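Enquirer: So the chains spell out like this:
There are 2 protein chains.
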Amino acid sequence: MDITIAVDAMGCDMGPVAAVEGAVGALSDGRFGGKITKILLVGRQAEINAHLAKTPHDSGRLEVVDADEVIHVDESPTAAIKTKKNSSIVVGLNLVKQGRAAAFVSAGSTGAVLTGATTIIGRIKGIKRPALGVLLPNSNGGHTFLTDAGANVEVKPEFLLQFAQMGSVYMESVLDVKNPRIGLINVGAEREKGTSVAKASHELLEASQLNFLGNVEARDIPYGTVDVAVCDGFVGNIILKYTEGYAKGLFATLKTELISKFLSRFGALLSRGAFKRMRKRYDYTEVGGAPFIGLNGLVVKAHGSSNAKAMKNSIGQCVKFIEGGVVGKIAAMSSEKLDERDEKNGI
Amino acid sequence: MDITIAVDAMGCDMGPVAAVEGAVGALSDGRFGGKITKILLVGRQAEINAHLAKTPHDSGRLEVVDADEVIHVDESPTAAIKTKKNSSIVVGLNLVKQGRAAAFVSAGSTGAVLTGATTIIGRIKGIKRPALGVLLPNSNGGHTFLTDAGANVEVKPEFLLQFAQMGSVYMESVLDVKNPRIGLINVGAEREKGTSVAKASHELLEASQLNFLGNVEARDIPYGTVDVAVCDGFVGNIILKYTEGYAKGLFATLKTELISKFLSRFGALLSRGAFKRMRKRYDYTEVGGAPFIGLNGLVVKAHGSSNAKAMKNSIGQCVKFIEGGVVGKIAAMSSEKLDERDEKNGI
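Chains as they are written, first to last, in the numbering used here: chain H, 996 to 1342; chain X, 996 to 1342.
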């Protein structure tokens, strides 16, 4: 299987070094490196080469694709995608469109990546809205796939149904979860809870073939009660950002408390292995980025503050996605639904 | 100042013992006990008296008000409030309506308490929708007031403006925060972010007299960037429930990690003081319940799983609210706005 991955070298807050070192690291990573045919580093050639010169790498499997423009986070996504044809994001997405790469990983402007992906790569036929998904660690030792994590702030019930279907395919194909449990994020378990969109979505999900457990509360994400937690992109983005901030706040408070007294400080020193394992479990750089599902190709949005490890894991994450054939499975599922609808309509 | 507080003795999951012991404890608590004139324990007289008989108390300041019906969490709130006229919730709310109590504290069905409060006590003139508010601990050592925390799942921009105004009064009067900083929970800082309701709310808040910092992200709550975080009740409830679950999940994982190795276990033993202080800071039983603001009286919704300490703190919380004259201040603010509108309309 030819797995070529395009990587945006200009998207990370800390500059090209994170993407370049991440790409080099990915190629030699024991977990997935052997399966990657080639990585295409997209961005300002001279800058990328300067970093590559400092990093020993397999030059036969690493190619630089020049793109001399950069889209900044404060630019209007739509305008930037239209005008900056030679930006790393537009060039990278075109590599996927042209079939030269199976995936594009970017830590750049979320808006530009999403807008560009939808415009350039395009939606799978029958998919109304692509969605972002993120894997959040739960206390069962596993992960819960939260979708939509921020692509669609306003939704219709049919969108949520598709997010659930795509999330189910993702968890089955990428994380090997059999018959993934789906929950609809709501303000209570009862079917009549929530907004009118939530109520209508509950009905659609219940009538579907999915392993739908019903409404769940936000606490079911960290508890790991469900494998896929479905919500609109407004709520999803809030949960995602809150997770980041809350963990940081909690660890900061714990640190302050631990160093405030001698005995605690000494105790913390002895427990540092446990804290390290804990941090690792809750560290987003371990998981990789957020796949944007529902497109005719894979686009992974990595965190803007990604370091080399986060970029490496975001690249690695693509391997299972591609091997699992997620795009093809979603397309098959979607065309089945289209056929069913056509049958109903007597076409 | 006469401060009489009515307490729902039947609302706690663990039965009347939590409310009874909480009330007894509140009357003798050094922080606020001396300011409470009387507590009215509302519920099944015989059951309450049986618990009171076992708990030494100041009988001159503790009165039982009989209410032999109980509203359960699985009942339809509207139907229950209409038919169970002799339930502890309806009787307790009537005590506030009749002016016999300045506040009602209940750990019972959220839906029934909210529906009952709006129907029986009623809204302050000019307030379109009362809202729930909760104090969430932040890493600055303070608290952020999240409102609406679950009363209104669907909102209009004018509701959110009022939530912000009421939250500002609350933080100023109850927590002595000067010129509280207000943030609108959104998916990004830019004014054009979010749903159509979010955009219109941003405009209204910006045009107001409030100390509005603009859109904030959910992580600003644990960071303590704002004093009042405004959102609809759907998002607010999700943040609230997520906070609960996430903290529980995080502590559970940490515990597992800490006891997994001898050295960590020994270290944790030495650091237990720090963990205790940490837990205390993040413990909801320390803060009390969620005030339901915008009514002609104070109603506090305590957590269903409240123990005696949580009930005591929920009762104590009412003292500062009443002393701070929150209801009067919201009414004054609201009538000012009404006057302004009348002026505009040339009335």
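Derived from the structure by calculation, the hints contain no laboratory data. From a predicted model like this one, the values you see are computed outputs, not experimental measurements. Keep in mind that a hint or two might mislead.
Some chain H residues judged to face chain X by a derived CB distance under 8 Å, without partners named [claimed, not checked]: (1) Asn1133; (2) Arg1176; (3) Leu1205; (4) Val1230; (5) Asn1232; (6) Ser1255.
Note that the Cβ used here is the ideal one computed from N, Cα and C, for glycine as well.
Enquirer: Enumerate the violated hints, using their earlier numbering and listing them in ascending order.
Expert: Hints 2, 3 contradicted; others consistent.
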